[in-house]
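From the two separate chains plus the hints, produce the assembled complex.
Here the protein sequences line up with chains A and B, keeping their order. So for the first sequence, this note's numbering puts the first residue at 140; every next one is plus one. So for the second sequence, this note's numbering puts the first residue at 310; every next one is plus one.
Be a bit skeptical, because a hint or two may be false.
[To be verified] Here are the simulated distance ranges between beta carbons: (1) Thr343/B <-> Ala225/A: 52 to 58 angstroms; (2) Asn158/A <-> Glu626/B: 50 to 56 angstroms; (3) Pro177/A <-> Ala412/B: 37 to 43 angstroms; (4) Asp142/A <-> Ser389/B: 54 to 60 angstroms; (5) Ala647/B <-> Asn158/A: 17 to 23 angstroms; (6) Glu730/B <-> Pro165/A: 32 to 38 angstroms.
[Unchecked claim] Facing chain A, according to a computed beta carbon distance under 8 angstroms, are these residues of chain B, among others: (7) Asp673; (8) Gln693; (9) Ala703; (10) Ser727; (11) Leu731.
Just so you know, these hints were derived from the structure itself, not from any lab. Predicted, not measured: the structure shown is a model, and the values here were computed from it. Ideal Cβ placement from N, Cα and C applies to all residues, glycine included.
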Amino acid sequence: MLDDLRELYQEVILDHGRNPRNLRKPPEANRHAHGHNPMCGDSVVVHATVDDAGVIRDVAFEGRGCAISVASASLMTEVLKGKSQAEAQALFEQFHDMCTKDGTQAGDPDNEELERLQVLAGVREFPMRVKCATLAWHTLNAAMAGGDEVTTE
Amino acid sequence: MTHAAANRLAAAPGDNSAAAFDVARVRADFPILTQEVFGKPLVYLDSAASAQKPRQVIEAMSHAYETCYANVHRGVHRMSQLTTDAFESGREKVAGFLNAGSADEIVFTRNATEAFNLVASCFASAKLARGDEVVISTLEHHANIVPWQLVRDRLGIVLRIVPIDDDGNFLLDDYEALLGPRTKLVAVTHVSNDLGTVVPIKQVIDLAHARGIPVLVDGCQAVPHIKVDVQALDADFYIFTGHKLYGPTGIGVLYGKSALLRELPPYQGGGEMISSVTFEKTTFKDPPHRFEAGTPPIVEAIGLGAAIDYVASLGHEAIAAHETGLRGYAEARLTQVAGLRLVGTAREKASIVSFVMDNAHPHDIGTIVDRAGVAVRTGHHCAQPLMQRLGVAATARASFGLYNTREEVDVLAQALESVHELFG
Ligand SMILES: Cc1ncc(COP(=O)(O)O)c(C=O)c1O
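Chain B extracted, bound-state conformation (with noise of 0.2 angstroms):
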């Protein structure tokens, strides 16, 4: 089959999944898509680890540098003008897309690892001392583990670990018994990137907010997904990465409730965040400047303006409506496999399909689907106490995102009956 027939096929009436969304065009927005790998059509299965860039991104960045470049803040040039109002754009952008109350509150990063150390160092410095816990979860990334545990060792904060049950669901209660007077923030994802599980984060907020704790929300998995609405969570902070979300690498995003930001020392010093310097005192800008120590990721605010715009355009809705009919076809066509196990059944998910195979580790898996052209992530996806919590080692993950199509899970289930074939 084509892939035009199984676009037809994917949008034929009835199929409510994917009937109000092209992802014929979708995919011609995506020039990486028609590349081979080893003579096939690639099949790009990780959107999760990186999402593709739609040719919206790509000209946007290339127009700046083209037409509109010079640093920004620091000129009367015009050069310079333009091009701050187009970064500052960017910002506004972002601001929209998460419904943040006002620009200010978006805070730029150099990925989201670099907000979680920020928040970490920064939120530690004003508010944390011994003795102090952080709440986080067994299904976090490293980003949101590593820096907390860098806290830790310096002041000597606990960490309490919100458990999960065998199918990757977060377990609430088990939460709220672990919030208690010493508990100064919570910090979990809103989206398992291994799992896929979707953490029930409003409640998550409203439990913490009935004790007065703030919560951080790691949205990385989520915002390529679900639609985000930071006031309407009342979420504390909420990160996320810019390459997964169809935009430029080299940019991350931390929102953080103005009076919080506020409260909050800077993070590295130098210029862009300072109003005035002396070798005596210098005083500090107001937030998000005061984060953003040395030149920011210009033209990288452009491109996440324009992935931001590309993914309005398509609706967050349709969006869902396709990945979600994606992961259940996957779903049922994998487990249609012989000795395959999907790892990760949460009530809610988002379109992140982990699993193991009885005789072949996800490493031989990866290698062998590669050869049929397909991507796919293999390993412990940057969550090992989560793999330990599961009792694996390792994990294959296919991540949908929105220009997958079932053939795609098609070619993926037929390499995998050839990995079955081959370790029996």
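In isolation and in its complexed conformation, chain A is listed as follows (with noise of 0.2 angstroms):
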């Protein structure tokens, strides 16, 4: 039994769970979302810093949750710094296509974001989890957005 659920709790995912990184507010952020997820009452605000050329700086987030959203978030925060914003959603959209699509393959081997995102793609196995996944992904879709809260309904 533990053998498949390694699949989904993948080391990285247990280490990123435990110790989120940037999980911090920063002064100097200038985006703000809250997202919220009502089946299981977790929250996560994400604070992200967008210079004036659209370029993401930072991305920090703030809240508590199940590993997988935890994990997802901390991820998130590494992977899009530096990005810019219309990079930042293609990532989004092949990350939740990876998270919700079946056969969708490692794929793009020069995408180094979304090979350190594939840790998540166990959550296919496990529909009920894939809104774990992608809170903190639609949460700073809308902080982008210039949005401030986000449901996962």
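In structure tokens, the structure reads:
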């Protein structure tokens, strides 16, 4: 039984779940949104710092939740630094497909960020958990769009 | 150990908790219990969310559809007559089950939630004004919070909240202190759906009645476990939902004292609830029909009647003894799991065991035990204010029904041990 589950709970996920990176609120952040998963009550606040050229200089988050949602938020903050908003959007779409669509392969070895997010692809086999993996991303999207609230419903 | 072996063990002489109760025979009545999930036998520990259905209920309902079905209270034709009789006999059974004074005190709704909304809406129209107070408790399900908030926002009433202690006990003294000249209704749960706390409901009612305040009781989690006698309790309103009592979805029950129901205006308008309609004026039927606009849950009422017969055939006392034994076993067994803490250790509890683990979020716990075939509820259990009071975002909850066994508790405990192994 644990074998199956180790697909989902890979070491990287357990590590980011236990020791999330960028769990903070940067004072200079200029984009914020609050994300909420009504099913489990988990919530996350994403803070992004976007410069005048539209480049994401910093992403951080606050909140608590399950290992999947915390690890996903933590990984997200790492891969998005230095990306343009358009690149962030594209990455979210690829990541979303990876979490939901069967047969989406690791694919593009040039896409280093997507490669790093591959550890979360295991949620595909756990449909109830896809929302956990995508909560932080939906929240970031809302922050970028100038919204401030998002739920995964 | 096989299920049969576990059951023999559970029913071994000297084990009073289960001696009178043949759980193997009971399990044979529930077709779904032979299902497997992820190649493992289903271990269904989520009866507090919704209970499984015995063959007797399923058959009563398909029998109705196959042999006796038409709309009720409408036709002179034979089928309508027979169906009306079967439907109304469901109401009689509910009345008997709660020991209501009369079947006219039983209103059928779509679920418990609709019954709360009905009372909140109608009671507010008839009896509440700005500044009046309604007392609820920290233990409430959202179904007994949100309808009152809607009334509060509409009318400007005030909600007063009875606190609990850290173990989940309802604080009776604090409750009494909240009762004041503006208190118009007390609306509290009989059993907490998350912590299993059994609220001293008789005392709650007596204290309110001493001040002339009526009491509404949320019995959703009580009726599957406890014999309820609304007359002995002297409850003014008592609400439960069919699907947690081994009955069908789509039906809820509102018991209300006749005199009180008569004072309330209709809830929704439509067919079934009227005596006569002209475009100028409509007159309404007496309760319970006044509150049952439109075609009611006909076959669901028949199914609920069958569920009540089923529970009665086993006996509430035997069920309670079996479930209490299971809960005690589960609490002892689960606390042996490293890093596990029980949430809710009230003095009196129904067979609900909520817990958290040091390094694993309830959501992760739920996913992991699911792979072992174990269904538990994880999350806020529709009681977010309670979660806030307890200082947790969520809990995992195992809830036991009359068909569960100690062997199933063992399967859960083993699965939780692997959670600990994975998350350390
Ligand atoms: C204590 C309590 N009250 C009310 C409800 C609402 O029941 P329903 O969803 O059937 O309306 C539930 C169950 O969800 C419950 O556990």
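Q. Broken hints, numbered, in rising order?
A. none
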